[in-house]
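Using the hints, put the two chains back together into the complex; each one sits in its own frame.
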Amino acid sequence: MIWINQHRRLLLFSAIVTVQVLLLVAIVAREEQRLTGLEIVLESRPVDPRDPLRGDFVILSYKAEDLSSIPILNHKVGDRIYVEFVDHGRFWEPVSVSSDLLHRIEWSEGQAFVLAYVQSVSPLRVSYPDLGTYFIPLGTGEPPKPPDVFVSISDDGVARIKRLEIDGLKWPD
Amino acid sequence: MSFRDELEHCSARWVEAGLISPDQRSQILSFEAVPSAVQSRLVSIFGLLGAIFLVLGVLLVVSQNWGDIPRLPKLITGLLAMTLAFSVGYWVSFGRPQMIRIGSCVLLIGTGTFFANLALISQQYNIAINPSPLMLPVVLTAVLFAYLLRSQAYILLAAVSSVFWLIFESQNAGSVLEARNGLALVLVAGSGIWLLIASEANRRMQWQLFIEPLRIVGAATLFSAIFMLGFYRHFDVEIGLTVFSVITLLVIPLFFIAASLLTTVFRWEVSMGWPSITETVRRPVVATALTLALMLIWLLIVAVFPEGITDGDGISSAITDIYTVGFWILALALTADLIWLALMLRRQWWINMAFVYLGFFVLTRYFDLFSGNLQTAVVFAGAGLLLLTLALLLERGRRALRDEMVRDSVA
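Line by line, the protein sequences are chains F and G.
The first sequence begins at 100 in this note's numbering and counts up by one.
The second sequence begins at 37 in this note's numbering and counts up by one.
Bound-form chain G, shown alone (with noise of 0.2 Å):
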């Protein structure tokens, strides 16, 4: 529910209750009414775009590598920067000015410049050529300062900055997350489901302002991972995921993916501690648990046995075509869960991404098809029967509905 929507609701409690007369409701709610809501989303994006170009330009600077000026000036006046950019940024937060959404641009700048100083720590010394150990700790440093904060754009960069350092991490070798070849994308996939995980952990612990960044990043970065999987047959697999990635990214997610699946299904929720799903919700949630825990399996399977089952003479085409259309599959499964949740949870926005995805989605899959194989043809012509069925099955239902009113009218 907006804030908006939670002072209607309240207000008019409140006139019923005779705390105040409904001239001051009306007077309360043009104060908070749209302009005052666009000036302040105004503010965020507008600090927030600030924020990030002055951060970009910092980079460029270190990146310009100003060879005429020694290493310790460079250093001392990276930290420097920072250090005041932390200080403005907590003083116009919680100081006199109390001017929240500017302060956390400001702090977000200081811990931009924290990147910039590692990276141009990382320049003067000649280390690190991966970026990922640039990254980790800023994702560290963002995870505290949101909770410490209560800042939404912390969880957005920590949420964002964990996926990436993730990438990078599994191009670095000999790390305990090396993933080469395109397989890096199942630990994408698995850190996706993580941050959903986080989202519903936010959702029992009632930090309600980190549920939707959480649940948006999580989102986009499953449906990017399955989206891109689906491209497995062409991958070119030599080695497999290691052992500590698989159980971190994949076993671990799908434990949690399953006690959630049984908790939804036998309503222990409340008994749980947890926030309880009305009986409109709880269907859509228990079939995205469910393809969230056939993704989970699918994954595992793929990492596993990476390049199918041999025949002696290298990659077996016939298990990644399978692999590849169980990706499609999914995908396909997934969007449905959240076009689904959407309607049931009137979030049209939702709605209108899946719209997007699918259509992506069914271009690319399309011209996949040049590609030779005649999967494709029979996945996109099953489809269609099965959407067709579906629409037949939904309009005798409702045909049904209608000539039972028409009775009941005339008798």
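Just chain F, same shape as in the assembly (with noise of 0.2 Å):
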């Protein structure tokens, strides 16, 4: 007990730094584990600017998110919803909203659910958290083409991206 009340500012301290430690840990374990969910393909379309803290990244913006061919439920701009991806051979396409999230096991063969917000409502568009940057190491310029985008989708919808492949073949390799 003395020991405590003596070093009481090294045991605070140390708690704080293991609390970051932890939470740093904690980010990477969540995201480790949303990269192991099911993979699916979406159509990209890339520019290139500069990010001071991460670096170069692509921003990418998808087909999927026009979703104007597909009927409105009752939404507004800012709602969260979930897209149904159903595999389309090369990539994954929308095929409906719904404002809540299947259980994962009862996603059938060629289904996922994708976490997105509403942006506009007539015409629909959405956007999909996290999917609409790419960082790539610095110096390594615009793809050559739009590059397709292997997508891991988590038991929550939560979206990441895992690599853009370009002709089949990883980019930036």
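No wet-lab data here; the hints were simulated from the structure.
Please read all numbers here as calculations on a predicted model, not as lab measurements.
Where hints are given, some of them may not hold.
Each computed DSSO-like pair below joins lysine-lysine, with the alpha-carbon atoms no more than 30 Å apart [what the hints assert, rightly or not]:
hint: 1; chain 1: G; residue 1: K110; chain 2: F; residue 2: K269
hint: 2; chain 1: F; residue 1: K162; chain 2: F; residue 2: K261
hint: 3; chain 1: F; residue 1: K162; chain 2: F; residue 2: K269
hint: 4; chain 1: F; residue 1: K261; chain 2: G; residue 2: K110
Now the structure itself:
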């Protein structure tokens, strides 16, 4: 008890540092787990700017952000929805939207649900959190053509980019 | 009162009380004289600059994005570097070396590495392009470290990073603090007032060390935001602020400022347990609190009706012009309060800063005249007449006092 009183500052300091380490480890663990989800491929349209903290990145937009052909439910701008994708051969494509997420075990083969936010209602446009950027080594430059985006979908519908491929080869190599 | 002034004052009393001889007093004073103070300040300056440069270097290494190295080794290296910096910093500060200043700088490197690790994770997993989620843990841990280690450097870091976090968070779509098209400046002004309130709260809690850093960052934030809000008529406002941000950053600070104004006017501070305010300072403090309250009310009006009263045909230019002029007047009133307070508290550098701000203000507002509005000319001419009238009144008062003294001496 006396030792604890004498070293209270050291203990509190160590506790804060430990919380910082645990926070970082927890984020890494969660992201690693998200990368082991169902893998789907999306078609992209990239450009490349630079971030002062994290270096060069490509901005990716997707054909699947434009859902104007899908019937609208009672959604408003900013709503959190789930977009149903089905495997159409080379790419996965959106077919419907819903407010609730089906449990993972209810997903059929070639079906996936991805978390999205409504950007506009008429026509329906959505954005997929954290699918808009892909960080690349400094000086890589723009991709020669729109890459295929391999995305991992975790059980909660959160998507993470695993890798980019151009003509079947990993980009940047 | 600086350490040097305090030492001179106390040592004179010690000599009077017979605790030390006059020779010993002069020895103590010369030991603590200028070279030592300069050296101690140099340690802080070089140490802080060193820490900042090192952290910037680490961030650049991260942004290089080493594609050939697998993710996990990079992340483990980052974690080890952070833990090492924190351990060494703590040991240097409170272990055998007992070098608090250098230790603080090494601890800051630890926090910088923590930030770099968050950036690295975000880069490796392609998450969160907006840096606000990276900054929030840094702000929170900086506050904790500041109070735990009694560190001025950490409170400065916490204050500055909290303002930047708010700016980035306001640009985050869907955030409760979302504010676009320049309205984020209203929130930044609110955060400046929060920092000033925090500075006063530290005065109440006897944390003297934290008063000045919070006051400096708070005032700089507030003056910068009001300066930029002076261009309000050029804003293209489409969406107002969220209810949450209006309440947390404008209404609650207004409550505190109004309470502080009442306390100062009715001299309740001592009965409420706050340090007493001398009578010479009371009037400028009341004027400053009143200006801050008016400023918050003005910001609230702008936040609730960002487009003014529209005529059904979009933004009303007359109302936005009035908003603009309001920010100009408030900026001038706040500068006058600052100069008044500085004169009463004998803070020369506050006066210098006020004049630098006035210089920028006049220069930019004068060129803003070219956007074609007559009211800029009216404001300048009106301000000129007002200042000349004030100078005339002061001159007459000075002359009356001198004449009275001459009459008394003749009598």
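Exercise for review: Decide if the proposed pair is consistent with the structure: K162 of chain F and K269 of chain F, CA atoms, cutoff 30 Å inclusive.
Suggested key: 21 Å, holds
Check your understanding: Between K261 of chain F and K110 of chain G, does the CA-CA distance stay at or below 30 Å?
Key -> 17 Å, holds
Practice item. For the pair we were handed, K162 of chain F and K261 of chain F, check the Cα-Cα distance against 30 Å. Key: Cα-Cα ~19 Å, so holds.
Review point. Within a Cα-Cα threshold of 30 Å, do K110 of chain G and K269 of chain F meet the stated pairing?
Key: 20 Å, holds
Hint violations for this structure: none, all hints satisfied.
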